[in-house]
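Undergrad: The lines below spell out each chain.
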Amino acid sequence: NAGVTQTPKFQVLKTGQSMTLQCAQDMNHNSMYWYRQDPGMGLRLIYYSASEGTTDKGEVPNGYNVSRLNKREFSLRLESAAPSQTSVYFCASSDPRGWTSSNDNEQFFGPGTRLTVL
Amino acid sequence: GENVEQHPSTLSVQEGDSAVIKCTYSDSASNYFPWYKQELGKRPQLIIDIRSNVGEKKDQRIAVTLNKTAKHFSLHITETQPEDSAVYFCAASSINFGNEKLTFGTGTRLTIIP
Chain V
1 NAGVTQTPKF QVLKTGQSMT LQCAQDMNHN SMYWYRQDPG MGLRLIYYSA
51 SEGTTDKGEV PNGYNVSRLN KREFSLRLES AAPSQTSVYF CASSDPRGWT
101 SSNDNEQFFG PGTRLTVL
Chain S
1 GENVEQHPST LSVQEGDSAV IKCTYSDSAS NYFPWYKQEL GKRPQLIIDI
51 RSNVGEKKDQ RIAVTLNKTA KHFSLHITET QPEDSAVYFC AASSINFGNE
101 KLTFGTGTRL TIIP
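Protein chains in written order, with my numbering: chain V, 1 to 118; chain S, 1 to 114.
Partial list, computed: chain V residues near chain S (C-beta under 7 Å):
1) Ser-31
2) Gly-42
3) Leu-43
4) Leu-45
5) Asn-105
6) Glu-106
7) Phe-109
8) Pro-111
Non-contacting residues of chain V with respect to chain S, defined by C-beta distances greater than 10 Å in every case (computed):
9) Ala-24
10) Asp-26
11) Thr-55
12) Asn-62
13) Lys-71
14) Arg-72
15) Ser-80
Taking lysine to aspartate or glutamate and the EDC-like style, the derived pairs with C-alpha atoms no more than 20 Å apart in a straight line are:
16) V/Lys-57 x V/Asp-95
17) S/Lys-101 x V/Asp-38
18) V/Lys-9 x S/Glu-39
19) S/Lys-37 x V/Glu-106
20) S/Lys-37 x V/Asp-38
21) S/Lys-101 x V/Glu-73
22) S/Lys-42 x V/Glu-106
Hints are computed from structural coordinates only; laboratory data are not their basis. For glycine and all other residues, C-beta sits at the position ideal for the given N, C-alpha and C.
Let's have the full structure, built from the sequences with the hints guiding it.
TA: Structure, rendered in structure tokens:
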């Protein structure tokens with residue numbers, strides 16, 4: 001199993017350009033997430049999807065859109081990139097099961113995409 | 001919404017000594033508290049988690065304690081080793097089916113001094 005995969009690994013954009021970050025998981029998880037990680041800020045949730053066909057805003061959704069294409073794939077789109085969106089982006093997935101057993105609610109992260117907006 | 005504060009932001013510990021990282025949360029409805037470890041240039045990975053119906057949980061050299069009344073939880077690493085050097089993140093969530101959003105702390109960079 002590849003787990004959670006992300007493409008691309010690195011990207012440089014100019015202000016105003018658009019791009020889509022791709023994420024896929026092969027663990028048959030229902031929930032998927034997009035986070036951004038900035039120095040000193042921890043991981044902040046951008047959007048998440050609790051199941052195929054549903055999406056919801058997280059803590060920092062402005063400037064982003066998402067698509068849950070199917071159960072495996074969850075993409076993040078920047079329509080008009082800004083320097084403030086320079087960050088490392090992580091996709092994650094999980095299959096929350098409440099209190100059944102330990103680590104039931106573990107989120108599995110992808111390797112990340114380092115994005116620079118000039 | 002939930003707010004999670006984490007201290008200290010950096011921590012240096014002599015190899016073999018213990019390390020303690022503390023977090024506080026604001027939402028009394030939170031009932032799930034995981035800890036993630038992120039090595040340099042790598043993805044975050046879950047190392048231990050605790051639920052609100054438990055006060056303490058141990059896994060070998062790692063333990064987590066939870067005080068619901070004070071709304072704080074802590075990570076304890078004993079007999080630290082060089083491979084424990086990493087950034088550690090605490091998080092909090094209210095686990096309900098269809099709503100599993102985690103709010104993360106800002107991280108603690110732990111350095112183990114040989």
